[in-house]
Amino acid sequence: MRVDGRDVEPAGTILDAVLALGIPIPHLCKDDNLPPIGACRTCLVEADGRVVAACHTPAAGVDEVYTGSERAARIRRAVLRLTARMHGPEPDAEGGPRSSELWAAYDLNGVERPASPRRTRGSLDSSSPFFSFDEQACILCGCCVSACQQLQHIGAIGIAGTGTRAKVTPGTGVSFAASICTACGSCVAACPTHALRPAPERPGERLGIPGEG
Amino acid sequence: MESKTWTTCPFCGVGCGIVIHTRGGRMAWADDDPVNPSSRGMLCVKGRFGTRFVQHPDRLTTPLVRRGGELEPASWDEALDYVAERLLTYRGRFGSFASAKATNEDAFVQQKFVRLVMGTNNIDHCTRLCHSPSVEAMLDQLGSGATSNSYADYEDASCLVLVGCDPGSNHPVIASRMRRAVDDYGTRLVVVNPKRIDLAERADVFLRPLPGTDVALFNGMARAILDDELEDRVFIDRRTEGFNAWRQAVMTSTVEEYAATCGVSAAELREAARLYASPPPRRGLAAGERPGSCLAWGMGITQHAHGTDNARALINLALLTGQLGRPGCGISPLRGQNNVQGCGDAGCIPDSLPGYQPFAGDVAAIFEEAWGAGIPREPGLKATDMVERIAAGDIRAMYVVGENPLLSEPNLAHAEGLFRQLDFLVVQDLFLHETAHLAHVVLPACSFAEKDGTFTNSERRVQRVRPAIPPVGSSRPDWAIVADLARRMAPRVGVDPRQFAYSSGAEVFAEMARLTPQLRGISWARLEDEGGIQWPCPEPGHPGTRYLYADRFPRGLGKFVPVQQSVPAAELPDADYPFVLNTGRVLYHWHGGTITRRVAALVDQMPEVPVVINPADATRQGIAEGDIVIVRSRRGRMSGKAVVTDAVREGSVFVPFVKLQESAANFLTNNVYDEPSRIPEYKVCAVCVEKKRPRPAELTAAPPTVSRDR
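So the sequence lines, in the order shown, correspond to chains A and B.
In this note's numbering, each residue's number is its place in the first sequence (first place is 1) plus 77.
In this note's numbering, each residue's number is its place in the second sequence (first place is 1) plus 1295.
None of these hints come from the bench; they were simulated from the model.
All C-beta atoms in this analysis are idealised placements derived from N, C-alpha and C, irrespective of residue type, glycine included.
Just so you know, not all the hints are guaranteed correct.
[To be verified] What follows is a set of in silico ranges between Cβ atoms, one per label pair, in the way DEER data are often shown: (1) L201(A) <-> E1903(B): 22 to 30 Å; (2) G1387(B) <-> A255(A): 53 to 61 Å; (3) G1558(B) <-> G115(A): 47 to 55 Å; (4) P194(A) <-> A1942(B): 37 to 45 Å; (5) A1805(B) <-> E189(A): 31 to 39 Å; (6) L201(A) <-> D1779(B): 33 to 41 Å; (7) G1712(B) <-> L201(A): 50 to 58 Å; (8) R1850(B) <-> D140(A): 55 to 63 Å; (9) A181(A) <-> D1791(B): 57 to 65 Å.
[Unchecked claim] Residues from chain B that face chain A, not an exhaustive set, calculated with beta carbons under 7 Å: (10) P1329; (11) V1340; (12) F1344; (13) S1471; (14) R1474; (15) A1895; (16) E1970.
With the hints as constraints, model all of the structure from the sequences given.
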C-alpha cells in the first residue's frame, strides 16, 4: 500500500498506516484504547478514489491513499467547520491528555476556532470531585461512552436525545456524583476536547487530619 | 515544560501502567498506558486522580531525631550515625517491617541489612496481614506461593469463581477485565461473599455464607463435585497425592449438611460446584479445548483464625477439578498492595531467603558466599508476633519502613501500648503518621514518583518504576537510606561495607536476580526493551511465564490436605455485642488511609468512615441513612456514618479499615491469630451499634480521644 506516495505495510486500518508514517490527520473519535467508532468523520482520506474514514477502513486490499488530495481536504475541512459549530470557545482551563487535539485539528486544516459560547447544550456538571463535564465543549464523538462501556464495562454514561437535543449524560437527569460512575477517568482520558476534564489541583490545601502533620 | 514518564501505579496489586505528565517539575496528570499488558489502557480512580499525595505539604523533607521528647530536624549524618549506634546495642532483640509499597530493590537491600548486619531473620511485611494463609497453604500443597494464572486468563476462562473478595473496590482494573469476560464472552460467574459486591449483579450464582463457615462451604462444593462425578480423575492420578484420605474426610457430611452449616441453599451450592468443575464453554473457545475456571480469593478467606484452613479447602477444590496449569484457569490470591508479591519474592519474610528459598541445604551457603559473612538459619518472628513479643522483652528495637502498624494492626489500643514500650523505634516513610509519632528517629523516603526501581504485580509481572519528579526535600530512596546505614554499621559486626556500596537500583536488581532462580533471566535492560516480564524467568532468553504448573508442581505432586470446619470465629455475637463486624476496604481510599487522606478529591468523595448496616437492623436500632453511629467492641469504639443497605446480611455490619476523622475499624478488631500463618482475625468480631447521642457542649469542646480497654 502507498500513502501519499510512500510505501507502508497494510496492517490494521488505513489510520494505523497513516499514523505509522507520522502524517498528522485529525482523528478525534479514535482513542488508542478503543475500537474505531467512526463518528467524527475528521480522519477522511481518499483511498483508491473513494473518500472514507481512515479509522474504520481496513488497510488490506487498498492500494493508493491520499491524505491531502483536493477532494479529501475539502470535505475534511467542511466536516471540521460543522464540528466547530457544535461547541464554544476554548475554556481557560487545563484539559485531559487529548484536549489539545481539537484545536490542533482546526489550526492544521485552516478552520477558524469558534469565538462565542453556545446558547443551547450549555450545562456544566461539576458534581464529581475528580472531573467535570462541560457540555459547551462536547462534540458528541462518543469516545467517553465507548470508554465507559467497551473498555471499563461500567456503562455509567450514554448519549440521550437526538439532533440538537442529543447530549452525553450519566443516566437521565442524574449528575455524575449520583450515578453508578466509579470515577475511573477513562472518559476523561478519551475526550478529545475540554468537555470532560480533570478537576484542577488544589495547591497547598491542608486536609482535615487533626493530630497529624 | 511538559514531559511524560512511563511507570507503574503505586496503589493495588494489579500493577497498572501509568504515564505521569509533569509540568514545570510538578505532577499534572496521570494517564493510562495503552500498551501495558496488565492494565490494557485502564486505570481506576486512585491511579488516575489519587497520586497527588506525592506533592502534599505534609511530606517529610528532612530526618527527624527525638531530643528532649520532641522530634527535631537533623542532618542525614546525625540521624544515621545515631541510628547505627543505637541499633548495634539491640542485635538479638530487633525486628523490622519492610514495605510492600516500596520497590523490589528497597526490599532486597532491607532484608540483606537485617540478615547480615542485624544478624536476625526478624523481617516481615504486610503479607502477614493479608495473604500469609494463602502462601502457607500454597507452599505446602503446591510448592509455590504465587498467583498461578495471568489476568488474560480471566478473559479466557469459561467460569470465574470469586470468593471473599471485592475486585470492584480493591482491584478495579481486574474487575473491568472480569466484567469484560462476562459481558463479551458469556463467562459464568460465581460470587461467594456475605456482602453483596458490585460484581454480584452479574453473577450466575451468588452465595452468601454465614461469616467464618468457609471450610464447610468449600468441602460442600467438593462433596457436590464428587457426587456428580465431575472430578478430574486423570489429573488426580497423575498430578496429586493424598486424595483418598481427603475424600474420606469430605464424605463425612452431605451437601445438604454442609449447606445448612453455611446458611446457603444446597441447590445453589451444587450449581456453583458444577459451574466450577465443568463450566459450559465460553463464546469463542476453540472446539475441543476444555473450558477452564479461575478461582480468585481475597481477605474474606484469609483474615480468619482458620485462614490457612480456608485456603487449603480452596486449593483442594482446584486439585480435585484439575483447574490448574492450562490457559483460562488457575488460582489467584488477589494481592492488595502494589509490590506485596515482590516484597516477599525479595526475601522480606522471616522463614525463607529471597525467592522463597529455605535456609536448609546449601542455599544459605550460597548467600553467605555471595555476601561474605554468616547469616542466621533459624526462622525469625512473624510481623504480628514481633508486636506481641514486645511485651515479653524479646523485641526492644524496631525499624519500620513504609508501614503504619498503628492503623493496620488489630486492636489498635493494645498495639499502641506495645509500640510505646519499645526502647528504640525508627520509622522511614513519606508522612509523619501514627506510628512515626512514637518513633525516636524518622527518616524521609522518596515516593514511587521520585525513584527508579521495579514492582512485581499480582500476575508475577516485574515492571519498571521511573522517577517523574525530583526527590521531595532531602528525601532519599529507601534502598539508599538502608545501604548508607548498613555501611556505617557493617565494619562493627564483621561485614564488608562494600556489600552495601550500590551505585544504582539496577545493580541491586542484578544481585537479586543472580541469587533468585525465578528472576535470574530478568534485568533492567530487558525490562527497558521488552516491558514487564512475568517470573519464573530462569534465563536471559526466556520469555517469562504466563501460567504456572503446566507440567508439574514445584513440590512435585499437588497435595490434598483434609480440613474440617472449626468454630466459625474466636469471638461471636452475644447479647451485649449482637452484631458481627466485617472489615474491608472501599474504592476511594487506600488501606488505612495514610496516603489517600492526603488527596483532597478522595476525601471529598468519602469524608467519613461508612458503617454499613442492614435495613432491618437499622430500623430496630432506630438508625437512619446518614446518622452518626457509635460502634463498640470489647476492645474499643469508633464512630462513623450509617449507610443502610441490604448489601450486608442481617446481623452484620461492614466497616472499611480506613481511618477518617480519627475513627478506624481497627480500634474494634480482635487480636487473635491463625496458625500457622499468624494472621489476625480481622473479618469477624462482635460489636454493638447505636445511634450517637448528642453530648453536652463542655464535653465536645475537647479534642477527640480514643477510649482504651473498654
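Cross-check of the supplied hints:
1. Between L201(A) and E1903(B) the beta carbon distance is about 27 Å. The supplied range of 22 to 30 Å therefore holds.
2. Between G1387(B) and A255(A) the CB atoms are about 59 Å apart, so this pair conforms to the stated range of 53 to 61 Å.
3. G1558(B) and G115(A) have their C-beta atoms about 52 Å apart, which keeps the hinted 47 to 55 Å range intact.
4. Taking the beta carbon of each, P194(A) and A1942(B) are about 43 Å apart, inside 37 to 45 Å as hinted.
5. The given range of 31 to 39 Å is broken by A1805(B) and E189(A), whose C-beta atoms sit roughly 58 Å from each other.
6. For L201(A) and D1779(B), the hinted distance range of 33 to 41 Å is not satisfied, since their beta carbons lie about 52 Å from each other.
7. About 52 Å separates the C-beta atoms of G1712(B) and L201(A), a value consistent with the hinted range of 50 to 58 Å.
8. A hinted range of 55 to 63 Å for the beta carbons of R1850(B) and D140(A) is consistent with their spacing of about 60 Å.
9. The beta-carbon spacing between A181(A) and D1791(B), approximately 58 Å, falls within the hinted interval of 57 to 65 Å.
10. For P1329(B), the shortest C-beta to C-beta distance to chain A is roughly 4 Å, which falls under 7 Å, so the interface hint holds.
11. Of the supplied interface hints, the one on V1340(B) holds, with its beta-carbon coming within about 4 Å of a beta-carbon of chain A, less than 7 Å.
12. Among the interface hints, the one on F1344(B) holds; its C-beta lies about 4 Å from the nearest C-beta in chain A, closer than the 7 Å criterion.
13. The interface hint given for S1471(B) holds, since its Cβ lies 5 Å from the closest Cβ of chain A, which is under the 7 Å cut-off.
14. With a least beta-carbon distance of about 4 Å to chain A, the hint placing R1474(B) at the interface is held under the 7 Å criterion.
15. With a cut of 7 Å, the hint placing A1895(B) at the interface with chain A holds, because the nearest CB-to-CB distance is about 5 Å.
16. Taken as an interface hint, E1970(B) does not check out: its beta carbon lies about 36 Å from the nearest beta carbon of chain A, beyond 7 Å.
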